[in-house]
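Generate the whole structure from the sequences, applying the supplied hints.
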Amino acid sequence: MVSNPEPETPYTPDPGAARDVYIVRTGSANLASVAAALSRVGARPILTSDPADILLADRLVLPGVGSFGAAMSELTQRGLVSAIRERLAVGRSTLGICLGLQLLARRSEESPGIAGLGVIDGTVRRLESAPGLRVPQMGWNLTTPTHSCRTLTGGFAYFANSYALPEIPRGWRGSTFTHGQSNPVAAIEQGDGDRLVVATQFHPELSGRWGLDLIRRWVIGRPSIELPEHEGFDTVAEPIQHLATNAADSSGVARC
Amino acid sequence: MLTTRVIPCLDVRDGRIVKGVRFQGLRDAGDPASRAAMYEQTGADEIVMLDVSATNEARATAARTVRAIRRVLSIPLTVGGGIASIEDAARLLDAGADKVSVNSAAVRDPSLITRLAERFGRQCAVLAIDAARTEARTAEAPTYTVLTRSGTRTEPLDALEWAVEGQSRGAGEILLTSFDRDGTGDGYDLDLLALIASAVEIPVIASGGARHAQHLADAVRAGADAVLAASIFHDGITTPDAIKRELADLGLRVRREEPSNDAAEEYVA
Numbered sequence: 001m002v003s004n005p006e007p008e009t010p011y012t013p014d015p016g017a018a019r020d021v022y023i024v025r026t027g028s029a030n031l032a033s034v035a036a037a038l039s040r041v042g043a044r045p046i047l048t049s050d051p052a053d054i055l056l057a058d059r060l061v062l063p064g065v066g067s068f069g070a071a072m073s074e075l076t077q078r079g080l081v082s083a084i085r086e087r088l089a090v091g092r093s094t095l096g097i098c099l100g101l102q103l104l105a106r107r108s109e110e111s112p113g114i115a116g117l118g119v120i121d122g123t124v125r126r127l128e129s130a131p132g133l134r135v136p137q138m139g140w141n142l143t144t145p146t147h148s149c150r151t152l153t154g155g156f157a158y159f160a161n162s163y164a165l166p167e168i169p170r171g172w173r174g175s176t177f178t179h180g181q182s183n184p185v186a187a188i189e190q191g192d193g194d195r196l197v198v199a200t201q202f203h204p205e206l207s208g209r210w211g212l213d214l215i216r217r218w219v220i221g222r223p224s225i226e227l228p229e230h231e232g233f234d235t236v237a238e239p240i241q242h243l244a245t246n247a248a249d250s251s252g253v254a255r256c
Numbered sequence: 001m002l003t004t005r006v007i008p009c010l011d012v013r014d015g016r017i018v019k020g021v022r023f024q025g026l027r028d029a030g031d032p033a034s035r036a037a038m039y040e041q042t043g044a045d046e047i048v049m050l051d052v053s054a055t056n057e058a059r060a061t062a063a064r065t066v067r068a069i070r071r072v073l074s075i076p077l078t079v080g081g082g083i084a085s086i087e088d089a090a091r092l093l094d095a096g097a098d099k100v101s102v103n104s105a106a107v108r109d110p111s112l113i114t115r116l117a118e119r120f121g122r123q124c125a126v127l128a129i130d131a132a133r134t135e136a137r138t139a140e141a142p143t144y145t146v147l148t149r150s151g152t153r154t155e156p157l158d159a160l161e162w163a164v165e166g167q168s169r170g171a172g173e174i175l176l177t178s179f180d181r182d183g184t185g186d187g188y189d190l191d192l193l194a195l196i197a198s199a200v201e202i203p204v205i206a207s208g209g210a211r212h213a214q215h216l217a218d219a220v221r222a223g224a225d226a227v228l229a230a231s232i233f234h235d236g237i238t239t240p241d242a243i244k245r246e247l248a249d250l251g252l253r254v255r256r257e258e259p260s261n262d263a264a265e266e267y268v269a
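Going down the list, the sequences are from chains A and B. Here my numbering is used: the first residue of the first sequence is 1, the next is one more, and so on. Here my numbering is used: the first residue of the second sequence is 1, the next is one more, and so on.
Read the hints as simulated data drawn from the structure, not as lab findings. Among the clues, some could well be false.
[As the list claims (entries may be wrong)] Counterexamples of contact, computed for chain B against chain A with all Cβ distances above 12 Å:
hint	residue
1	R70
2	P76
3	E140
4	S168
5	R169
[Unchecked claim] Incomplete in silico selection of chain A near chain B, CB under 7 Å:
hint	residue
6	A32
7	M138
8	F156
Because the structure is a prediction, the values reported are computed rather than measured. We treat Cβ as the ideally placed atom computed from N, Cα and C, and that holds for glycine.
What follows is the structure, given as structure tokens:
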């Protein structure tokens with residue numbers, strides 16, 4: 001029996017990440033893991049449900065668990081919908097996690113008739129069900145970038161979801177995962193530096209060191225000058241409102 | 001495609017890890033937070049902490065332990081043991097648990113599962129089932145009955161029916177422990193796993209009886225989505241990473257340590 005376990009090697013906080021990061025406080029979401037992850041990368045997590053913070057914070061995390069409809073009704077009751085929409089319209093750095101990604105969409109099969117934030121086009125769909133294919137998806141799945149991204153890299157991420165966005169919206173960079181015969185969205189991002197919007201279907205705060213690295217890159221905000229130019233990838237993000245009206249309709253048919 | 005999760009389990013009493021055989025004869029096996037951090041670094045995919053304290057007073061320490069674990073852990077943490085209400089669950093979730101597992105209290109009042117799922121989301125509500133093989137075996141296939149209160153009480157409840165009901169009431173996952181195999185190292189009860197895993201759509205975590213990687217691989221082949229073990233990790237017999245290397249050699253998909261982009265592409269190929 002090992003009676004004296006080795007002391008842990010902590011994740012080294014990054015001085016460049018030592019800044020305030022606001023987390024949208026909703027009644028149903030469990031925020032301790034998100035706050036702990038932010039602390040571990042060197043940031044100062046602050047919980048808030050103040051619309052002014054949510055509109056103006058340099059860095060904002062939009063977490064979320066539970067159902068699409070319940071989360072939207074909670075954001076509405078707390079008067080936060082327009083603040084979130086406005087900050088995203090100017091691309092202020094925001095990290096949406098799990099349901100926090102899905103809420104960006106126009107609607108979800110989970111809650112028919114409920115409007116989402118609508119900053120990206122498309123409909124969130126239920127994951128394909130088949131023998132041997134568990135829903136909810138609970139566990140580690142491999143994510144693969146389909147674009148050259150600022151924050152997103154390939155690697156294993158922890159998922160806990162029954163729904164997902166079927167396709168990366170036009171004007172966004174992203175990564176996908178494989179579920180049965182489909183390749184839904186693992187994460188999307190747009191912009192860079194202090195205008196870096198990232199939304200992940202997985203939980204970066206629960207995805208080990210790989211996930212902490214992602215959060216750290218988002219908090220620091222990579223200056224675009226470091227980035228190489230890649231063909232077929234927009235270095236200047238299109239305004240989100242423009243996208244919402246012009247993006248091609250997501251058919252819900254999974255690519256693959 | 002999801003990988004098979006390897007989950008070390010911390011049975012915690014009064015802030016210390018303990019481990020027994022068939023839920024009895026508990027002995028000290030270390031500090032929960034240090035252990036959890038060490039298991040993350042050595043390849044664990046998730047941690048389960050079960051509070052096996054005997055009294056409510058002792059349970060108040062569970063939230064402190066959860067908080068200490070959360071500070072050093074960046075993989076999922078499921079906490080169970082004595083959760084009988086939404087308030088109990090909320091306290092542990094606030095302290096840093098990502099999921100809560102309910103057992104005896106859900107048998108007493110199955111609506112607890114539904115209330116947890118509605119309040120915190122289905123992914124948060126784990127139904128823990130302790131199952132024992134029934135003595136009477138009239139048919140060729142074994143049947144199982146549900147035990148509660150740390151295996152001390154036999155319920156007039158069939159394990160298969162309870163698993164199906166738990167799913168329909170909102171459970172997002174089933175943590176299935178074989179009472180007969182717990183702590184024995186004789187391998188998981190594969191009949192039990194196959195029975196439950198084929199009857200539900202939600203993920204099933206195999207628990208009770210693991211000693212070798214082959215046991216874990218057998219459990220996955222029987223239908224488990226994740227494999228939980230305690231003694232083999234606490235006793236230093238092996239590490240999650242060593243187990244996962246063996247599972248990969250046996251043909252299972254596992255999350256390898258810190259994959260880089262290159263490693264990820266290699267994995268896909």
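Hints, one by one, checked against the model:
Residue placement check: R70 (chain B) does not keep its beta carbon more than 12 Å from all beta carbons of chain A (closest about 5 Å). With a cut of 12 Å on Cβ distances, P76 (chain B) falls inside the contact zone with chain A, its closest approach being about 5 Å. With 12 Å as the threshold on Cβ separation, the claim that E140 (chain B) sits away from chain A holds: the shortest Cβ distance comes to roughly 24 Å. With a least CB separation of 14 Å from chain A, S168 (chain B) remains clear of the 12 Å interface cut-off, as annotated.
No beta-carbon of chain A comes within 12 Å of the beta-carbon of R169 (chain B); the shortest separation is about 15 Å. Because the beta carbon of A32 (chain A) sits about 4 Å from the nearest beta carbon in chain B, less than 7 Å, this interface hint is met. Here the hint on M138 (chain A) is kept, as its CB sits about 5 Å from the closest CB of chain B, short of 7 Å. With a least beta-carbon distance of about 4 Å to chain B, the hint placing F156 (chain A) at the interface is held under the 7 Å criterion.
Taken one by one, the earlier hints fail for this structure at numbers 1 and 2, listed in ascending order.
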